[in-house]
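Asks: Given chain A's structure and the hints, the job is docking chain B onto it.
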Amino acid sequence: MTETVRVRGLTKAFGSRRVLDGLDLTIRRGEFVALLGRSGSGKSTLLRVLAGLDRDISGAAGVTGRVSMAFQQPRLLPWRPVWRNITLGLDTADPRGTALRALTEVRLSDKADVWPRTLSGGEAQRVSLARALVREPDLLLLDEPFGSLDALTRLAMHRLVVQLWERYRPATLLVTHDVDEALALADRVLVLEGGRIAAEHLPAAHGQAELRARVLSDLGVGETESIHEGA
Amino acid sequence: MGVPVTSSPPDVLVPAADGERTRARPTDRKPPRGARRAAYWISPIALLTIWQLLSGTGAVSSQKLPPLNVIWRAGVEVARNGQLGDGLAVSLRRMLIGFVVGAAVAAVLGVAAGLLRWGDVVVDPLLQMVRNVPLFGLIPLFILWFGIGELPKEVLIALAAALPIYVNVHAGIREADPLLVEATTVLGYGRWQRLRHVVLPSAVPLTLVGVRLGVASAWLSLVVAEQINADSGIGFMINNARDFLRTDIVFVGLLLYAFVGLAMDTVVRLIERRLLRWRAS
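From first to last, the protein sequence lines are chains A and B.
Quick note on our numbering: the first sequence kicks off at 1 and runs consecutively.
Quick note on our numbering: the second sequence kicks off at 1001 and runs consecutively.
This is chain A alone, in the form it adopts within the complex (with noise of 0.2 Å):
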């Protein structure tokens, strides 16, 4: 079994309005795809639907393996130190030393027993990575996850993503509204539009400006954003 994530004729609709509609998606083992779409193109709702939390769809959704999550807020419990946020709903026999590893691993060590409410906006969001990624997950559904942070934070946090994902080799799926961030860190990068997958490009097969030219025309801006590309 190498696909992770295959999905078939998912439909949902809220009221007569259909957000999905007739949604086909594989993700083989491991590969990092990126998922662009307009605001209110079902992005979010899809994630919630391979995350578990709306399983009133029809059509086959499914999901081989354990399913983990890091949101566009940090959603950490305030009333826990960090450590505990990393590692409650985990089995696990030790779990200060587990969390402390997976800490580390995101440069935050030494916040191990701060309360969540004294880290800065990037550092709670790496938190939240770490706990996503300490329960091994076999999907990573990462929701935005960088949409509140600064340019520079931002950047700091692709590096680091892509270099954890390159260790834990999970199935992710990246939702943005940056294209630049899309072509930086997927092998795919996938355009939800009218409820379906309308358009896939593979950034390592094509030069970057030419690709971003082409994802902004699926997204409907290619025009002005080309013009300024040729700037």
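Hints are computed from structural coordinates only; laboratory data are not their basis.
Bear in mind that the values here come from a model prediction, so they are computed numbers and not experimental data.
C-beta: ideal position from N, C-alpha, C; glycine also.
Check before you lean on any hint, since a few could be wrong.
To be verified - Here chain A is said to cover these stretches of chain B; the calculated rule only asks that three of the stretch's residues, wherever they fall, bring their Cβ under 8 Å from a Cβ of chain A:
hint: 1; region: 1183-1191
hint: 2; region: 1198-1210
Unchecked claim - Computed beta-carbon distance windows for the label pairs:
hint: 3; chain 1: A; residue 1: 147; chain 2: B; residue 2: 1136; range: 31 to 39 Å
hint: 4; chain 1: B; residue 1: 1138; chain 2: A; residue 2: 53; range: 30 to 38 Å
hint: 5; chain 1: B; residue 1: 1045; chain 2: A; residue 2: 95; range: 53 to 61 Å
To be verified - A few chain B residues that face chain A, going by a derived Cβ cut-off under 8 Å, partial list only:
hint: 6; residue: 1179
hint: 7; residue: 1180
hint: 8; residue: 1278
Replies: Just chain B now, kept in the frame of chain A:
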């Protein structure tokens, strides 16, 4: 509503020299902290001085307003002959039993009503009904039901403690952030783990507000219950003193009520500070 009351003075807008309004920093004009704190004692000390002058010189009958030194002597007297210790022990016992029972019942009902749909349907209307009955209006009924022993007093105290605690536990459970519940579901928390690490901790801040209100309310009911019929306790000491025209001992009893009430509130505050230390930043 979820934020406990703190007493930090608001920033003050003062007109600056050039006519512009600027924000005064709290440290700008105020005297140092120690001096300010000392200033708070001016009016109480003035009051006590006037009291002492009026009753000590006989301007006011010492039968109505005994001088402070007489009250002090009365305090020493009831402490020596055991009235004070016995009365305090009995009153604290009533308070403890009533409060613990009331708080426990309130916590269980509040959690049930907050968590379970049927719990809310069954429990909440009843509690809201009881909440709207004037508590002290129930005293005659309690005497008919439970006699004039300890039980009617304990029930009254329990009820007084239970109502604010119930309301706040119920509201506190509802405070649980659905985003945290969702996140922990994805991360593999079981139902029990979600309850223990997400839902119940969310309810702690409001629960503590309820506990503080409950302690105050329970202590007030104790005072009322002891006035009406008691053969022991601080209230009994006060009533007894009234019958013998010992105004000084009445004052001793009142001071005792005040100090114990204050002490209990302080204890709850300390517990609050400890349990909510994750909030400080």
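Asks: Work down the list of hints and note, for each, if the structure agrees.
Replies: Quick rundown of the hints versus the structure:
Closer than 8 Å: that is the beta-carbon criterion, and the region 1183-1191 of chain B has 8 residues meeting it against chain A, so the requirement of 3 holds. Coverage of a stretch by a chain is defined here by at least three residues with a beta carbon nearer than 8 Å to that chain's beta carbons; for the region 1198-1210 of chain B and chain A the count is 3, and the condition holds. The hint said 31 to 39 Å for the Cβ distance between residue 147 of chain A and residue 1136 of chain B, and at roughly 56 Å that hint is violated. A hinted range of 30 to 38 Å is violated for the C-beta pair residue 1138 of chain B and residue 53 of chain A, which are about 48 Å apart.
The given range of 53 to 61 Å is respected by residue 1045 of chain B and residue 95 of chain A, whose C-beta atoms sit roughly 56 Å from each other. Taken as an interface hint, residue 1179 of chain B checks out: its beta carbon lies about 6 Å from the nearest beta carbon of chain A, inside 8 Å. The restraint placing residue 1180 of chain B at the interface with chain A holds, with a minimum CB-CB distance near 6 Å, inside the 8 Å limit. A hinted interface residue such as residue 1278 of chain B counts as satisfied when its beta carbon comes closer than 8 Å to some beta carbon of chain A; here the least separation is about 5 Å, so the hint holds.
In this structure, the earlier hints numbered 3 and 4 are contradicted, and the remaining ones agree with it.
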